[in-house]
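Given chain A, put chain B in place with the hints provided.
Here are the chains, one letter per residue:
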Amino acid sequence: MTTKTNRVYLDYSATTPMAEEAIEAMLPFFRQEFGNPSSIHRFGQYAEAALEEAREVIAKHLNCSVEEIIFTSGGTESDNLALRGVAFARREKSGANHILISAVEHHAISHTAAQLAKNFGFDLEILPVDPYGRVDPDLVRQRLRSNTALVSVIYANNEIGTVNPIPEIGEICRENGIPFHTDAVQATPYLPLDVQDLNVDLLSIGAHKFYGPKGIGVLYVRKGTPILPCQTGGGQEGGLRSGTQNVPYIVGMSQALKFVQKNQAQWNASLPILRDWLIEQVRQKIPNSALTGHPTQRLPNHVSFVFEAVDSQKLLTLLDIEGFACSSGSACKTGSPSPSEVLLALGLSRNLALGSLRVTLGKDTTAEQLESFFDCLIDKIKILRG
Amino acid sequence: MMEKTVVVGMSGGVDSSVAAALLQKQGYNVIGVMMNLWSESERDSVNRCCTPDSMRLAKKVAARLDIPFYTLDVREQFYRQIVTYFIEGYQQGITPNPCIQCNRLIRWGALFEFALSLGADYFATGHYARNILDQQGVYHLHRARDINKDQSYVLHILTQADLARTLFPLGELTKAEVRQLASDFQLPVAHRPESQDLCFLGGEDYRSFLVRHLENPPSPGPIIDTRGKTLGQHRGLAFYTIGQRKGLGVSVGQPIYVIDKDVNNNTLIVGSKEETRKKNFIVTRINWIQGAPPAREFELVVKVRYLSPFLDAHLKVLDDGSCLVELSQPYWDITPGQAAVFYQAEECLGGGMIQQVRS
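Chains as they are written, first to last, in our numbering: chain A, 1 to 386; chain B, 1 to 359.
Next up, chain A with everything else stripped away, as it sits in the complex (with noise of 0.2 Å):
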């Protein structure tokens, strides 16, 4: 049985610990400085100051302009904006009524497709993957209509890990013409996010995968993108976004992006060593076993494998109960027992996708940590496979 000190928290993909540095930047916007941000007086003007320079970070990390960054209540706000914005802007303005996405797409952006399409007849195209979760550049070449509204197709997947070639896709929908979002809530903590390299013509962060706060992400716009308000009122965020902006939250974001800055290269280096260890050991060790997603195109942090005759759920509980925090795919899927679609596009059986797992590592996370955590990991399969 274990206790609140000696849990093992690995599940850096679902949520991550607050950076110090961004609890302690957020605070003085809770107190002294609660102004609004549109204010006229004293208070709002140093709310607004304090916005703006976050706004400068942030730009600065994805290598656009200020007017490009809107910001959210977080990733799946950012993914909503995007599709729902743009589909509506594109039909608009030209007719375009097909929208492309990947089969490895994160709910909020494969149920916000799904919903454009029943209730607002839009056409949706579901992109095949490779068996790694892989979108083909050439295939979204092909696929591509006249009447294509936008592409999304997800940066790196959080339930596989498996990193996609954002930039050649996004070349091809430039060639045409079509706009181009990435969900990049995964991928911010480790893969560059400069817009430009990246050909992307929107996408979505969201501060809690990286060591910020909850409820607060950004949607990068380019400059010229059609896009139409979801959320209308007030006009803030050039009247992308209406609302008071959230300003304490958006300053502890842009905290935990320095945070990032100043780490990236070390978690880059180190991580990787612990995460190729532990998918080497279940390699080796347990049989009936297989990584999904690329064994190396994917996020430095991110382990996922699916056992056969294990039923995850139960493999959480057993771990958990042992203190080892981990996921079956992603957070937002628990308590649902119908295997994930992620999985099933990679062509796993049902049964295989029922067996998931998830072990996403991070700042705190240590060789001694994984060693302890893979020796009660082979004892729980056993249990579990009787």
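Any given hint could be a false lead.
[Said to hold, decoys possible] Below, simulated BS3-like cross-link-like pairs (lysine-lysine); rule was C-alpha separation at most 25 Å, straight line:
#1 Lys258(A) - Lys60(A)
#2 Lys214(A) - Lys60(B)
#3 Lys258(A) - Lys214(A)
#4 Lys246(B) - Lys279(B)
#5 Lys382(A) - Lys4(B)
#6 Lys59(B) - Lys214(A)
#7 Lys258(A) - Lys363(A)
#8 Lys60(A) - Lys363(A)
#9 Lys273(B) - Lys246(B)
Quick caveat, the hints were computed from the structure, so don't treat them as lab data.
Here is chain B on its own, set in the frame of chain A:
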């Protein structure tokens, strides 16, 4: 003592919540587990046992006690083994008791095994019953001290192996005491009315549920009396249960009741109150809690449904293991498919399914 771990099957209700709190107070490591049972899609919110509301309550209780809480998804198995059993039972003309089947196959099946796989020493529920270990190492299932709340009837399927690992922390308590404890422990349990309905019906009448699920829609047929005289037409045998009086649509000048269903001839047989009284019946698929009957023939008391009184009877074990029960006094509404549960004094000896009722 070494700290023992117990998994408590939780429901968000007052009983299982107090059970968890009591065990924690007694020094156990408590883990809460709630089962996710089957509901018709789009009707999840009405399943009495595992609505989002009861799940939220169970989680609140777990948070209040600071115990880990997990859910076990048994929807597929529940559908396959319990709902199907329920539907098929009606199709075959019996009145099944899915709660007992659920206790046997799900609660002391999937959930019990899950508890052991978590490394738990014990599994506990909020049932009102007592599990007593004698000096010979034999476990005995006894009625709860609160005779009005006693649930040993639905627990007659337990085996020695089950009881060896099962705790019933509420067995010595009355419902009033349990309510008081909930308040003493400051447990955030709802004051919802108690229901005898089946969880997956979600308050719906079982007949409309059956209409949606029966493969062959129930077909109308004759209603006859015990002398063979046709009195009217029934809407399909599945819609009627033994002892039913209302909704027969037949008027003969005195109250009449369903006394039998002839599935082969799709005929509903009705009669007077007196004609529903029966004395002898056969019980099959028997579980003896101690593994075997105490004798080939003995005196005992029997319950023929959850809320029936304890009836004096004589039991004879037949060669095939089934039992012939002879009541001292005839009793009405003895219904094939329901459980007959055997008692001697406080002790529940076991029970089985009423197979065939004789006059």
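Hints violated by the structure (listed by number, smallest first): The structure breaks none of the hints.
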